[in-house]
Amino acid sequence: METIIKLTDINKVYRTEEIETQALENVNIEVGKGEFLSVMGPSGCGKSTLLNIMGLLDEPTSGTVELCGTTISHNLSDNQLADFRNRTLGFVFQSFHLISSLNVLDNVQLPLLYRGIGYSERIRRAKEVIERVGLSHRMKHTPVQLSGGQCQRVAIARAIIGNPEIILADEPTGNLDSKMGADILGLLKQLNEEDGRTIVMVTHNEQQAQQTKRIIKFLDGRQIQ
Amino acid sequence: MNKLLLYVRQALHMMKEERLFSGIYIAGTALAIAFTMVIAVVYYAKLADIEPEVNRSRTVYVLPMLEIPKNGYELKEPTNFYSLNEMKEWFYPMKSAEVISASIKISDFFRDKAYAWYKDSKPVPVVERLVDANFFKVYHFHFVYGRPFAPADSLSPICIISRDISEQLFGKEVNPVGKVLTATTDLRVVGVIEPTSSIAEQSFGQLFIPQSDGANMMTIVLKEGCSVADLEKELEEIAHKRSVSSKNLDYSFENRIWPHAQLQLSGGRELSSWKDILLALFPQVFVLLLVPALNLSGLVAARMKRRLPEMGVRKAFGAKRRELLHQVITENLVLTLWGGIVGLVITWLLLYVFRSWVFFAVSNHATTMPEPTIEGEMLFSPLIFLIALAVCLIVNLMSAAIPAWLSLRNPIVESMNQKK
Ligand SMILES: Nc1ncnc2c1ncn2[C@@H]1O[C@H](COP(=O)(O)OP(=O)(O)OP(=O)(O)O)[C@@H](O)[C@H]1O
Ligand SMILES: [Mg+2]
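These protein sequence lines map, in sequence, to chains A and B. Going by the working numbering, the letters in the first sequence line up with residues 19 to 243, in that order. Going by the working numbering, the letters in the second sequence line up with residues 11 to 430, in that order.
Derived by calculation from the structure, the hints in this document are not laboratory data. Bear in mind that the values here come from a model prediction, so they are computed numbers and not experimental data. Among these hints, one or two may not hold up.
[To be verified] Listed below are the simulated BS3-like cross-link pairs for lysine-lysine, each with C-alpha atoms no more than 27 angstroms apart in a straight line:
#1 A/K197 x A/K207
#2 B/K330 x A/K145
#3 A/K158 x B/K13
#4 B/K233 x B/K105
#5 A/K24 x A/K158
#6 A/K145 x B/K13
#7 B/K330 x A/K24
#8 B/K26 x A/K158
#9 B/K257 x B/K243
[Said to hold, decoys possible] Computed spacing ranges between beta-carbons, pair by pair:
#10 A/G136 x B/S237: 45 to 55 angstroms
#11 A/E149 x B/L14: 26 to 36 angstroms
#12 A/N97 x B/D240: 54 to 64 angstroms
#13 A/E35 x B/A411: 26 to 36 angstroms
#14 A/D27 x B/R332: 29 to 39 angstroms
#15 B/A411 x A/D96: 13 to 23 angstroms
#16 B/L15 x A/H159: 15 to 25 angstroms
#17 A/Y137 x B/V297: 52 to 62 angstroms
#18 B/S366 x A/Y137: 48 to 58 angstroms
#19 B/L396 x A/T82: 47 to 57 angstroms
#20 A/N97 x B/I412: 16 to 26 angstroms
Even for Gly, the Cβ is constructed at its ideal location relative to N, Cα and C.
Work out the full structure, taking the sequences as your base and the hints as a guide.
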């Protein structure tokens with residue numbers, strides 16, 4: 019299986035004035051193309067940090083990140099990183115992170131906007147993915163007018179509109195009740211199985227993790243399983 | 011382009027959501043703009059080519075020559091006048107002058123009020139001017155009845171009056187041409203002009219009487235393409251010729267040549283047009299704008315902090331810092347433009363309510379001039395709108411760009427995790 023994410027000897031140390039926190043310690047992970055991987059572990063063990071580093075939202079203190087065969091190093095500019103994220107990565111967050119002043123349609127088309135795609139094409143594709151997550155009837159609503167589950171569907175639509183190879187989901191069901199959570203997980207599984215997207219998902223829910231293809235567990239910044 | 015549309019839409023949405031912020035921001039911008047606009051309009055009204063003073067940008071006022079005794083003693087005050095013969099012989103042939111009008115300096119006129127009456131009517135106070143035929147070529151008046159003066163009129167007991175005076179003396183809708191009114195002497199009316207604003211004080215008058223002899227000021231419209239320097243050269247040549255032919259006196263035009271803007275502002279600065287003036291005023295205006303801009307930038311900085319999560323999310327999905335800056339500036343521009351519109355309205359209100367005070371703050375003849383009327387041309391000129399727009403952009407850039415740029419430097423994860 020082709021490797022699509024490769025983390026080598028990743029360390030992440032947070033330094034504040036008083037304390038130093040080693041959020042990640044010598045982490046080595048490989049994720050194959052088309053995998054659906056769950057990351058589990060107690061609160062504060064470094065799961066979000068790991069996902070942020072994978073998603074190029076944060077830099078490791080040391081170690082290398084390779085995505086789709088490209089080694090991400092310091093000589094990539096902020097703009098190049100932005101382009102890389104835009105084309106390769108889609109994010110789903112626990113708290114949705116939708117933009118409250120934009121309606122569903124405008125929220126979803128965001129990644130295409132930054133890819134420089136024209137208006138009509140953006141709208142066409144946005145409508146397509148919104149339909150896919152079952153929210154065609156809520157296109158003009160703003161996030162405050164939607165339920166949590168609906169918000170997360172919008173977030174998923176936004177994550178997939180740009181056809182990224184990799185979807186990173188940090189506790190996507192953490193703020194949802196179990197029924198809505200199961201819904202969202204179903205959607206992610208569908209994206210993995212039908213579209214072949216690689217998904218890395220952080221979850222606290224053992225039951226959900228069991229439904230994915232592989233589980234890795236963390237404790238205090240180290241991978242234990 | 012369609013990004014712009016999206017930004018504007020978001021800005022309008024936020025305006026609704028964040029009323030307090032938007033309100034304060036718009037009000038602040040409006041005041042900053044109103045202040046600068048009042049200055050711009052005042053200078054524009056006094057310096058731009060506005061009817062009837064349509065040639066201001068190439069009008070030069072020339073006072074009588076200095077007479078300096080050759081023995082080196084005692085600099086004589088230039089109390090001499092230009093005679094008609096002198097005008098014809100020396101000045102009319104000048105190549106750089108298109109029109110030369112000989113008249114009496116306005117400052118010599120507005121000391122005392124003159125009165126005019128018709129038959130047994132009550133005397134009406136008028137602003138009286140002694141002018142020649144060319145006066146009506148330098149300044150463009152609209153004639154309701156009759157005609158301007160002709161060169162042959164110079165000694166005739168005739169007059170031209172403004173419509174408001176005509177209405178007071180002869181009644182509304184009455185053509186007074188041919189009737190005889192009394193001012194210092196009996197004068198037959200030959201023309202009636204539309205009243206002009208006293209803001210244009212060089213041309214302002216309500217009763218015009220032909221200038222016979224002894225003008226103490228020449229008003230010269232430069233030929234298209236000629237500069238003040240060209241005129242200066244010709245005048246100095248004339249002064250030189252006269253010095254050579256005179257036994258006792260040397261002549262000089264030093265400090266006697268005043269382009270319109272310089273005369274209006276009675277400043278020694280080398281400002282030959284209102285464009286120069288605006289440029290010269292720019293530093294002052296900039297400081298005037300700095301204070302509100304700083305306050306507004308504090309507001310923007312606070313709002314950027316609240317919007318950090320949004321900016322973080324946008325970055326996560328591929329937005330570059332430049333694009334986000336562009337977005338914030340566009341959004342702010344929407345607010346700033348609203349501020350600009352409100353500011354313009356405030357400007358017009360201020361100018362209307364305080365017109366005497368505002369316009370005469372830069373006038374030498376405030377006490378004797380009638381209350382100025384404000385012409386639409388002074389307020390609604392495209393240039394004024396352009397200046398308003400430029401001021402908007404400056405305020406916007408100063409207040410939004412810097413705090414936005416600083417805030418956009420925050421790392422993504424930190425931005426996204428910022429508590430709202
Ligand atoms: N910006 C930061 N500055 C300092 N320490 C940080 C920072 N971000 C995270 N940490 C620390 O790093 C460690 C890992 O944090 P992380 O958010 O990755 O945990 P997590 O596994 O996602 O936890 P949770 O399940 O609660 O989301 C924690 O001890 C946390 O306190
Ligand atoms: Mg976490």
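Hints breached by this structure: 5 and 17
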